[in-house]
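If you read the protein sequences in the order shown, they are chains R and S.
If you're matching positions, the first sequence starts at 317 in my numbering and goes up one per residue.
If you're matching positions, the second sequence starts at 317 in my numbering and goes up one per residue.
Please note that a few of the clues may not be correct.
Repeated chains share a single entry, so a pair holds when one copy, or any two copies, can fit it.
Said to hold, decoys possible - Each computed DSBU-like pair below joins lysine-lysine, with the alpha-carbon atoms no more than 35 Å apart:
{"#": "1", "residue 1": "LYS423", "residue 2": "LYS448"}
{"#": "2", "residue 1": "LYS454", "residue 2": "LYS320"}
{"#": "3", "residue 1": "LYS320", "residue 2": "LYS460"}
{"#": "4", "residue 1": "LYS423", "residue 2": "LYS350"}
{"#": "5", "residue 1": "LYS371", "residue 2": "LYS418"}
{"#": "6", "residue 1": "LYS448", "residue 2": "LYS385"}
{"#": "7", "residue 1": "LYS448", "residue 2": "LYS418"}
{"#": "8", "residue 1": "LYS448", "residue 2": "LYS460"}
{"#": "9", "residue 1": "LYS351", "residue 2": "LYS385"}
{"#": "10", "residue 1": "LYS452", "residue 2": "LYS350"}
{"#": "11", "residue 1": "LYS371", "residue 2": "LYS350"}
{"#": "12", "residue 1": "LYS320", "residue 2": "LYS423"}
{"#": "13", "residue 1": "LYS448", "residue 2": "LYS371"}
{"#": "14", "residue 1": "LYS423", "residue 2": "LYS371"}
{"#": "15", "residue 1": "LYS385", "residue 2": "LYS334"}
{"#": "16", "residue 1": "LYS418", "residue 2": "LYS334"}
{"#": "17", "residue 1": "LYS460", "residue 2": "LYS423"}
{"#": "18", "residue 1": "LYS452", "residue 2": "LYS423"}
{"#": "19", "residue 1": "LYS460", "residue 2": "LYS351"}
{"#": "20", "residue 1": "LYS385", "residue 2": "LYS423"}
{"#": "21", "residue 1": "LYS454", "residue 2": "LYS385"}
{"#": "22", "residue 1": "LYS371", "residue 2": "LYS334"}
Worth flagging that the hints you see were computed from the coordinates, not collected in a lab.
Remember, it's a predicted structure, so these values are computed and weren't measured experimentally.
The chain contents come next:
Protein chains: 2
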Amino acid sequence: MERKVLVEVSARHVHLSKEHLAILFGEGYELTPKKELSQPGQYAAEERVTVVGPKRQLERVSILGPVRKSTQVEISLTDARSIGITAPVRESGDTQGSAPCKLVGPKGEVELTEGVIAAKRHIHVTPEDAEKFGLKDKEVVSVKIDTNDRDLILGDVVIRVRGDFATAMHIDTDEGNAAAMSGEVYGVIL
Amino acid sequence: MERKVLVEVSARHVHLSKEHLAILFGEGYELTPKKELSQPGQYAAEERVTVVGPKRQLERVSILGPVRKSTQVEISLTDARSIGITAPVRESGDTQGSAPCKLVGPKGEVELTEGVIAAKRHIHVTPEDAEKFGLKDKEVVSVKIDTNDRDLILGDVVIRVRGDFATAMHIDTDEGNAAAMSGEVYGVIL
C-alpha cells in the first residue's frame, strides 16, 4: 500500500504564551480566530505581530492560537538569515537555547532570549492512520514529493502520533519552494 | 566509486546585457569585478541593482559579470512570492515567457517583460569529471545531501558538461535551506 500523505506548507508564524499576549496586546486580551487550521482546535488569528532581528524585521507575522505554555517563533532559514539570526532546526516545543528576537505588538514589546526555531519537518498522524501505515510515534521517515521541476525526497521527517491530530505533513516555505510545490500536493512515505 | 560533488548555494543575482548595463549605470560603463566565482571567468561585481516587483522590491541584488547576451534575473521562489511574481523554474538562458520585473540602477531603469527565473538545479561538470563519473551533458540525476537535521535527495538535477566549467553543483537559497546547509557541503550523485 502506498502511504500517501497531504503535504502542507507552514508560513512563518508565532505561538504566544498568555503572559506575552497580555504584554503585546493588553491585559486580558484574547485572540480572534480567523481561519481554522488542519490540526483540530488550532487557528490562525486576526492579530499580527512584528518579529525583530538585529538586521531587519518581519512585519505582520501570523499568530496561531490558542495560546501555549511558551512563546515560540517559527520562521524559515531564509527568514532567519534575512533578519540576522541563526535559528536551529527543532521540533515544536524544543526551544531551549534556540535563537532570540524581539516581538512588537500594538501595546508592548517582548524581548525573547530564546524561542525562535526553524521547524523540523514532521507528519501529524492519527492513531488510526499510524496503525494503517505501520508508523510509530517519534519514528523518522523519508517522504518523496514529485513535482514537475523539482522532485525531492525529504529525510529526517519525524512522525508524531496523537489522538487530537489530523494526518498531514508540515514543511516550511524553504522546503515547499525547494520542491516548487503549488496547489494540493501529496507525498509518499518511503 | 562515490560520485561526490561540491554543492554551492547561489544567492539571488542578475546577469545584465551590455545594453541594459548602459541604461542602468550609464553609457560605456563597465562592471567592477569584486570576487571570482567557481566557474572560470565569472565574477560577482561591486555594482548592485534593485529588483522591483508589484508587491515589494529586493535591494542591493548582486550583479554577476561579464555581461551576457540577455539580461536574466535569478531569484528564489521565496523571493518571487515576496515581491509578487510567479517565476518559473528554468535552466539558465531559457527565459522565454518567464516572469517580468523592473530593474533600477543609479542612472536608469529597465522594464523587463521577461527574464526572471528560479534556476533549475544543475551540476557544472568538466569533460574530465564527466568521463570519470560516467555523466553525459543534459543527463538528469539525483543528488543526496546529508546534513544533521535535514537530509535531502534532490531530483531533476541537470548535468551540464563544458570545457570552461569547474565541477560544482548549484542550488538556490531555498534548496540550500531545505537541507539546512552550512559551510562546505558535498553531495553524492546517485
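Requested in this report: Could you tell me which of the numbered hints above are not met by this structure, giving the numbers in increasing order?
Outcome: Result: hints 1, 7, 12, 13, 17, 18 break, sorted rising.
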